[in-house]
Amino acid sequence: MNFASVFDVPCIFFCRNNGYAISTSVKDQYRGDGVAARGPAYGIVTIRVDGNDLFAVYNATKAARQIAVKESRPVLIEAMTYRLGHHSTSDDSTAYRSIDEMNSWEKEDNPIKRLRKYMENKGWWDSQRDEKAHADAQKHVMDCFHNAEQKKRARPQSMFDDIYDKLPNHLVRQRQEMVDHVKMYKKEYPLDLYEKAF
Numbered sequence: 001m002n003f004a005s006v007f008d009v010p011c012i013f014f015c016r017n018n019g020y021a022i023s024t025s026v027k028d029q030y031r032g033d034g035v036a037a038r039g040p041a042y043g044i045v046t047i048r049v050d051g052n053d054l055f056a057v058y059n060a061t062k063a064a065r066q067i068a069v070k071e072s073r074p075v076l077i078e079a080m081t082y083r084l085g086h087h088s089t090s091d092d093s094t095a096y097r098s099i100d101e102m103n104s105w106e107k108e109d110n111p112i113k114r115l116r117k118y119m120e121n122k123g124w125w126d127s128q129r130d131e132k133a134h135a136d137a138q139k140h141v142m143d144c145f146h147n148a149e150q151k152k153r154a155r156p157q158s159m160f161d162d163i164y165d166k167l168p169n170h171l172v173r174q175r176q177e178m179v180d181h182v183k184m185y186k187k188e189y190p191l192d193l194y195e196k197a198f
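Positions 1 to 198 (the UniProt record's numbering) are the ones given, in order, by the sequence shown.
Think of the hints as simulated: they come from the structure by calculation, not from any bench.
Each hint should be verified, as a subset may be incorrect.
[Claimed, not checked] For lysine to any residue, the following SDA-like pairs were computed, each having C-alpha atoms within a straight-line distance of at most 25 Å:
(1) Lys186 / Ser158
(2) Lys186 / Lys166
(3) Lys132 / Arg116
(4) Lys107 / Arg73
(5) Lys107 / Arg97
(6) Lys132 / Glu106
(7) Lys196 / Arg153
(8) Lys186 / Met159
(9) Lys122 / Val57
(10) Lys117 / Ala95
(11) Lys107 / His87
(12) Lys62 / Asp109
(13) Lys113 / Asp50
(14) Lys27 / Asp100
(15) Lys166 / Tyr185
(16) Lys152 / Lys183
(17) Lys183 / Asn169
(18) Lys62 / Phe14
(19) Lys186 / Ala154
(20) Lys117 / Thr81
(21) Lys117 / Asp136
(22) Lys113 / Lys186
(23) Lys132 / Lys152
(24) Lys113 / Val57
(25) Lys117 / Met80
(26) Lys117 / Tyr58
(27) Lys70 / Met1
(28) Lys107 / Asp33
(29) Lys183 / Arg173
(30) Lys107 / Arg83
(31) Lys132 / Asp53
[To be verified] Across the chosen pairs, the derived CB separations fall in these ranges:
(32) Arg175 / Asn121: 56 to 66 Å
(33) Ala148 / Gln128: 29 to 39 Å
(34) Met142 / Arg97: 26 to 36 Å
(35) Ser127 / Tyr185: 49 to 59 Å
(36) Lys70 / Met119: 51 to 61 Å
(37) Val6 / Ala133: 23 to 33 Å
(38) Glu106 / Phe55: 17 to 27 Å
(39) Arg155 / Leu115: 36 to 46 Å
(40) Glu106 / Ser127: 11 to 21 Å
This one's a predicted model, so the numbers in the text were calculated from it and none came from an experiment.
Heads up, the beta-carbon is just placed ideally off N, CA and C, and yes, glycines get one too.
Throw the hints in and build the complete structure from the sequences for me.
Shown next as structure tokens:
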């Protein structure tokens, strides 16, 4: 942010503050109530917004863009929200936060439920449309999933592509070790599922 501020870079820093850095609560990370205070310290215009309010986020982003473009300077947006799910598939967030806390956010401040309620109050949405949208979306996802399953997977060696202009020796060795391993244990690897495997 300092670099952007010093050189008047017209960019937007969008911080989605979900209350946790992996498993550490913001209360245990720093004094204060968020990262918005860091913007003015760098001379950056800062906007804090309710990250669970679609329209507030849209308007904040629109305002930030106008500042960045018209004034040719950086803007920081801190969207205050909450991560309902685990950080990753290997994370069990109940180890560092209570189920009651998660349920409270899900019930009281879920952005999708808030938007749905707003749209229902305006007469733009109802349960029939909602059920149809869910069914259509599920069908679309499953169709895409089925189509993807019919395609060949990328060559295993492709994990080494497009990383370096010239692959370092240790990665050349690792690539060859992978090829040798797969050839040695080919019964364990269904290579017919891949594009030209080796």
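Checked hints:
{"no.": "1", "hint": "Lys186 / Ser158", "in the structure": "holds (18 Å)"}
{"no.": "2", "hint": "Lys186 / Lys166", "in the structure": "violated (29 Å)"}
{"no.": "3", "hint": "Lys132 / Arg116", "in the structure": "holds (14 Å)"}
{"no.": "4", "hint": "Lys107 / Arg73", "in the structure": "violated (39 Å)"}
{"no.": "5", "hint": "Lys107 / Arg97", "in the structure": "holds (16 Å)"}
{"no.": "6", "hint": "Lys132 / Glu106", "in the structure": "holds (23 Å)"}
{"no.": "7", "hint": "Lys196 / Arg153", "in the structure": "holds (9 Å)"}
{"no.": "8", "hint": "Lys186 / Met159", "in the structure": "holds (19 Å)"}
{"no.": "9", "hint": "Lys122 / Val57", "in the structure": "holds (20 Å)"}
{"no.": "10", "hint": "Lys117 / Ala95", "in the structure": "violated (32 Å)"}
{"no.": "11", "hint": "Lys107 / His87", "in the structure": "holds (20 Å)"}
{"no.": "12", "hint": "Lys62 / Asp109", "in the structure": "holds (23 Å)"}
{"no.": "13", "hint": "Lys113 / Asp50", "in the structure": "holds (15 Å)"}
{"no.": "14", "hint": "Lys27 / Asp100", "in the structure": "holds (18 Å)"}
{"no.": "15", "hint": "Lys166 / Tyr185", "in the structure": "violated (29 Å)"}
{"no.": "16", "hint": "Lys152 / Lys183", "in the structure": "holds (19 Å)"}
{"no.": "17", "hint": "Lys183 / Asn169", "in the structure": "holds (21 Å)"}
{"no.": "18", "hint": "Lys62 / Phe14", "in the structure": "holds (12 Å)"}
{"no.": "19", "hint": "Lys186 / Ala154", "in the structure": "holds (17 Å)"}
{"no.": "20", "hint": "Lys117 / Thr81", "in the structure": "holds (18 Å)"}
{"no.": "21", "hint": "Lys117 / Asp136", "in the structure": "holds (21 Å)"}
{"no.": "22", "hint": "Lys113 / Lys186", "in the structure": "violated (50 Å)"}
{"no.": "23", "hint": "Lys132 / Lys152", "in the structure": "violated (32 Å)"}
{"no.": "24", "hint": "Lys113 / Val57", "in the structure": "holds (16 Å)"}
{"no.": "25", "hint": "Lys117 / Met80", "in the structure": "holds (20 Å)"}
{"no.": "26", "hint": "Lys117 / Tyr58", "in the structure": "holds (18 Å)"}
{"no.": "27", "hint": "Lys70 / Met1", "in the structure": "holds (19 Å)"}
{"no.": "28", "hint": "Lys107 / Asp33", "in the structure": "holds (23 Å)"}
{"no.": "29", "hint": "Lys183 / Arg173", "in the structure": "holds (15 Å)"}
{"no.": "30", "hint": "Lys107 / Arg83", "in the structure": "holds (13 Å)"}
{"no.": "31", "hint": "Lys132 / Asp53", "in the structure": "holds (24 Å)"}
{"no.": "32", "hint": "Arg175 / Asn121: 56 to 66 Å", "in the structure": "holds (58 Å)"}
{"no.": "33", "hint": "Ala148 / Gln128: 29 to 39 Å", "in the structure": "holds (30 Å)"}
{"no.": "34", "hint": "Met142 / Arg97: 26 to 36 Å", "in the structure": "holds (33 Å)"}
{"no.": "35", "hint": "Ser127 / Tyr185: 49 to 59 Å", "in the structure": "holds (53 Å)"}
{"no.": "36", "hint": "Lys70 / Met119: 51 to 61 Å", "in the structure": "violated (32 Å)"}
{"no.": "37", "hint": "Val6 / Ala133: 23 to 33 Å", "in the structure": "violated (47 Å)"}
{"no.": "38", "hint": "Glu106 / Phe55: 17 to 27 Å", "in the structure": "holds (21 Å)"}
{"no.": "39", "hint": "Arg155 / Leu115: 36 to 46 Å", "in the structure": "holds (42 Å)"}
{"no.": "40", "hint": "Glu106 / Ser127: 11 to 21 Å", "in the structure": "holds (19 Å)"}
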